[in-house]
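Going down the list, the sequences are from chains A and B.
With the working numbering applied, the first sequence covers 1 to 418.
With the working numbering applied, the second sequence covers 1 to 216.
Calculated from the structure, these hints are not laboratory results.
Source: prediction; values computed, not measured.
A couple of the hints might just be wrong.
Ranges between beta-carbon positions, derived for each pair [unchecked claim]:
#1 A:E280 - B:E173: 24 to 32 Å
#2 A:S393 - B:T190: 50 to 58 Å
#3 B:A22 - A:E280: 22 to 30 Å
#4 B:S100 - A:R229: 35 to 43 Å
Taking lysine to any residue pairs in the SDA-like style, the calculated list, with each CA pair at most 25 Å apart, reads [as the list claims (entries may be wrong)]:
#5 A:K344 - A:E280
#6 A:K204 - A:A48
#7 A:K344 - A:G386
#8 A:K87 - A:A210
#9 A:K253 - B:D112
#10 A:K275 - B:I14
#11 B:K18 - A:P260
#12 B:K18 - A:V266
#13 A:K253 - B:A23
#14 A:K344 - A:E360
#15 A:K275 - B:G164
#16 A:K275 - A:P310
#17 A:K253 - B:P132
#18 A:K253 - A:A210
#19 A:K265 - B:R89
#20 A:K87 - A:T162
#21 A:K275 - B:A136
#22 A:K275 - B:L174
#23 B:K18 - A:A270
#24 B:K191 - B:V204
#25 A:K253 - B:G24
#26 B:K183 - B:R153
#27 A:K275 - B:E159
#28 B:K18 - A:E276
#29 B:K18 - A:G237
#30 A:K253 - B:V204
#31 A:K204 - A:T70
#32 B:K18 - A:L245
#33 A:K275 - B:E114
Quick reminder that beta carbons are idealized off the backbone N, C-alpha and C, glycines included.
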Amino acid sequence: MQLTTWLRLVAGRPFRGAGHRTALVASGLPLHLAVVPLWLWLLGATAASARTPAAVAVTPLPVLLTLLVTPLLTAGQRRRYRALVGKDLPRPAVDGRSVVRRLTGRALWRHLCYHAVLGPLFAVLDLVVLAVWAAALVAASTYVWIWALPTQWRVTDLGYTTQAAYITVGGLALLVLGPRLTDALVRLEARAAEVLLGPSRTEKLARRVADLAESRAGVVDAADAERRRIERDLHDGAQQRLVALAVNLGLAKATLGDLPEEARKVLDEAHREAKEAITELNDLVRGLHPAVLEDRGLDAALSGVAARLPIPVRVAVDLPRRPSPTVEAVAYFVVSEALTNVVKHARASRADVTVERFGETLLVVVADDGAGGADLAAGGGTGLAGLAQRVASVDGTFSCRSPAGGPTVVTVELPCAP
Amino acid sequence: MRAVIAEDSLLLRIGVVKVLEAAGFEMCAQVADAEGLLAAVEEHRPDIAVVDVRMPPGFTDEGVRAALVIRRQYPRTAVLLLSQYVEERYAADLLATNTSGVGYLLKQRVADVEEFAEAVRRVAAGGTALDPQVVAQLLVRRHSDPLDRLTPREREVLELMAGGRSNSGIAAELVVSESAVAKHINSIFTKLDLPRADADHRRVLAVLRFLGVAAA
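Same shape as in the complex, but just chain A (with noise of 0.2 Å):
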């Protein structure tokens, strides 16, 4: 049996680009070691300047190196990470372009304590594991180099038969022990390069709410743009053809007089099924996005849906610019949902209905004098629970006030751009 396959047994996988991984480890020694001579520098000119006064003078100057080859530093840690563990370190954000921002700004501090302070240790540690490699090798290897060691030494020093044997199965333990310890050092570093070097973890958070936003609004955007597109193509197919249809029902009804009692009968019927297609079909299109709220806005579309209830209902819309489609989307539903709420279960004899903006937010009331007690929890995604979820869809904050014998409120503030 050949001695790399009986060690892949012994130690399995670890063994696979060992040879690589050591390499970078190696690579790390310079970089970590890079600020070594301008620490111990700093420390002799401090230790001159506890001497002669004059040397202060020189001290900043460590100081200031120390700054200047942070990025490289940094920049070299990147690209060592990168082989390392194979994908890119994420950036931090940059703190901006003039100096100051960059001196005051958290990553520059954050990058030297990596490159200062942890640096000089992982070189120690990196030295530690090769010192271990080199060893694992020389002892595991005993046999081959031996014979050219002066007999001398072989036999007084080295015990020959049974000590080369001892060192040999600790170089074998060795070569075991290698793998494992630089894949730890491997995750250590980029574990620390991570942490310091990479975005912290409130920028991290920071970025990812920014990213889950933005991909919310498309979300959201696409929904209403969808729903625009079935109305669009609901009104110039279906309705009109339905239109159409009635019409022509219509004219067969008024113009053909001698049919029999029967056939009137039909006509009748299918004239009036057409017409109630027509009623049903718009009130779909309206509960998808009224063709109105998109050409006039908010304000002719709360009339429309206002007209149509059976109670009095007062609409006061005081907008000075429309707010964006989806805003706009989401307050008609809002209203419309109360409304319907208001007619079927209040029991209330009149509503009232607000719309106003204040800065970046758009404030919707609608109140009735109904009988109260409104349940956020009922109806499911159709109720008031599912408003409230339409009204979070766009990081707007909804609430319901609704005690028992009324009146309810609703206030809805959506966010909404200047």
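For chain A, the structure is supplied; the task is to place chain B on it using the hints.
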């Protein structure tokens, strides 16, 4: 009577033409956009133009703008707007220029063939025809004004007046006698503080106040 129609949906255009021809109108022109409409009105000087609100190229309010031009330049041509949905500001725009010879109906009303033909005839003869939904929507905007003093019945009468009905038409709709309607109307005039001028003018003023399109 002579009519032109501007409607971009071919199906509906054919339907309206059939209805109007059956009702005895002579169709001088059928066009699909506002530009064609103005040219047709210029050429034929019809008694009435039936106009779709949304037309190419913008599909917003081309029809309303064309209607305003027609009312200004060709006062003898009445205009009836057809719309997929109610936008009472269009009606208000139209009524602000002139209260006679204008109408605003939802497209689906064309299906009630006889009533639609009747409305077109009324508008062509210088009357008005407003869709019940337009009227309901205009009411939503009322906040507090003399209209609040009207009884529900008087409101109904006024709504029907705004729709262009005559006293006998209102009486038939509400199933009351014509004298009862006249009584309601007098009460409306009193409550709205309308001057005792000739009856027709007061009628128009009442409707205007009702629609909120004129301060008078």
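Results for each hint:
A hinted range of 24 to 32 Å holds for the C-beta pair E280 (chain A) and E173 (chain B), which are about 26 Å apart. At about 53 Å, the CB distance of S393 (chain A) to T190 (chain B) agrees with the hint of 50 to 58 Å. One distance hint, 22 to 30 Å for the beta-carbon pair A22 (chain B) and E280 (chain A), holds here, with the actual separation near 27 Å. Taking 35 to 43 Å as the suggested C-beta distance range, the pair S100 (chain B) and R229 (chain A) conforms, at roughly 41 Å.
A threshold of 25 Å between alpha carbons decides the hint, and for K344 (chain A) with E280 (chain A) the separation of about 19 Å falls inside it, so the pair holds. Among the hinted pairs, K204 (chain A) with A48 (chain A) is inconsistent with the structure: their alpha-carbon atoms are about 44 Å apart, more than 25 Å. Proximity of K344 (chain A) to G386 (chain A) is assessed by CA-CA distance (about 16 Å); at most 25 Å being required, the pair is judged to hold. Our distance criterion of 25 Å between C-alpha atoms is met by K87 (chain A) and A210 (chain A), whose separation comes to about 22 Å.
A threshold of 25 Å between alpha carbons decides the hint, and for K253 (chain A) with D112 (chain B) the separation of about 10 Å falls inside it, so the pair holds. Between K275 (chain A) and I14 (chain B), the direct Cα distance comes to roughly 18 Å. Compliance with the 25 Å bound is thereby established for this hinted pair. A threshold of 25 Å between alpha carbons decides the hint, and for K18 (chain B) with P260 (chain A) the separation of about 23 Å falls inside it, so the pair holds. About 21 Å separates the Cα atoms of K18 (chain B) and V266 (chain A), which keeps this hinted pair within 25 Å; it holds.
Between the alpha carbons of K253 (chain A) and A23 (chain B) the distance comes to roughly 13 Å, so the proposed pair stays at or under 25 Å and holds. Among the hinted pairs, K344 (chain A) with E360 (chain A) is inconsistent with the structure: their alpha-carbon atoms are about 33 Å apart, more than 25 Å. For the given pair, K275 (chain A) sits about 23 Å from G164 (chain B) by alpha-carbon distance, which is consistent with the 25 Å threshold. At most 25 Å may separate the alpha-carbon atoms for a hinted pair to count; K275 (chain A) and P310 (chain A) meet this at roughly 21 Å.
Taking the CA atoms of K253 (chain A) and P132 (chain B), the gap is near 24 Å; set against the 25 Å cutoff, the hint holds. For the hint linking K253 (chain A) to A210 (chain A), the alpha-carbon distance of about 62 Å lies beyond 25 Å, and the restraint is violated. Using a Cα cut-off of 25 Å, the hinted pair K265 (chain A) and R89 (chain B) is violated, with the two alpha carbons roughly 40 Å apart. Simply put, K87 (chain A) and T162 (chain A) have alpha-carbon atoms about 48 Å apart, too far for the 25 Å limit, and the pair is violated.
Between K275 (chain A) and A136 (chain B) the CA atoms are separated by roughly 20 Å; this keeps the pair inside 25 Å, and the hint holds. With a C-alpha separation of about 23 Å, the suggested pair K275 (chain A) and L174 (chain B) falls inside the 25 Å cut-off, and the hint holds. For the suggested pair K18 (chain B) and A270 (chain A), the alpha carbons sit about 19 Å apart, so the restraint of at most 25 Å is met. For the hint linking K191 (chain B) to V204 (chain B), the alpha-carbon distance of about 15 Å falls within 25 Å, and the restraint holds.
At roughly 16 Å between alpha-carbon atoms, K253 (chain A) and G24 (chain B) fall within 25 Å of each other, so this suggested pair holds. For a cut-off of 25 Å, the pair hint linking K183 (chain B) to R153 (chain B) stands: about 11 Å separates their Cα positions. This hinted pair checks out: K275 (chain A) and E159 (chain B) have alpha carbons roughly 23 Å apart, not beyond 25 Å. For the hint linking K18 (chain B) to E276 (chain A), the alpha-carbon distance of about 22 Å falls within 25 Å, and the restraint holds.
Restraint check for K18 (chain B) and G237 (chain A): the C-alpha separation of about 20 Å stays at or below 25 Å, so the hint holds. Taken as a hint, the K253 (chain A) and V204 (chain B) pair is broken in the structure, with Cα atoms around 35 Å apart against an allowance of 25 Å. Using a Cα cut-off of 25 Å, the hinted pair K204 (chain A) and T70 (chain A) holds, with the two alpha carbons roughly 22 Å apart. Restraint check: the Cα-Cα separation between K18 (chain B) and L245 (chain A) comes to about 12 Å, which is no more than 25 Å; the hinted pair holds.
A distance of roughly 15 Å separates the Cα atoms of K275 (chain A) and E114 (chain B); the hinted pair therefore holds under the 25 Å criterion.
Violated hints for the displayed structure, listed by number in ascending order: 6, 14, 18, 19, 20 and 30.
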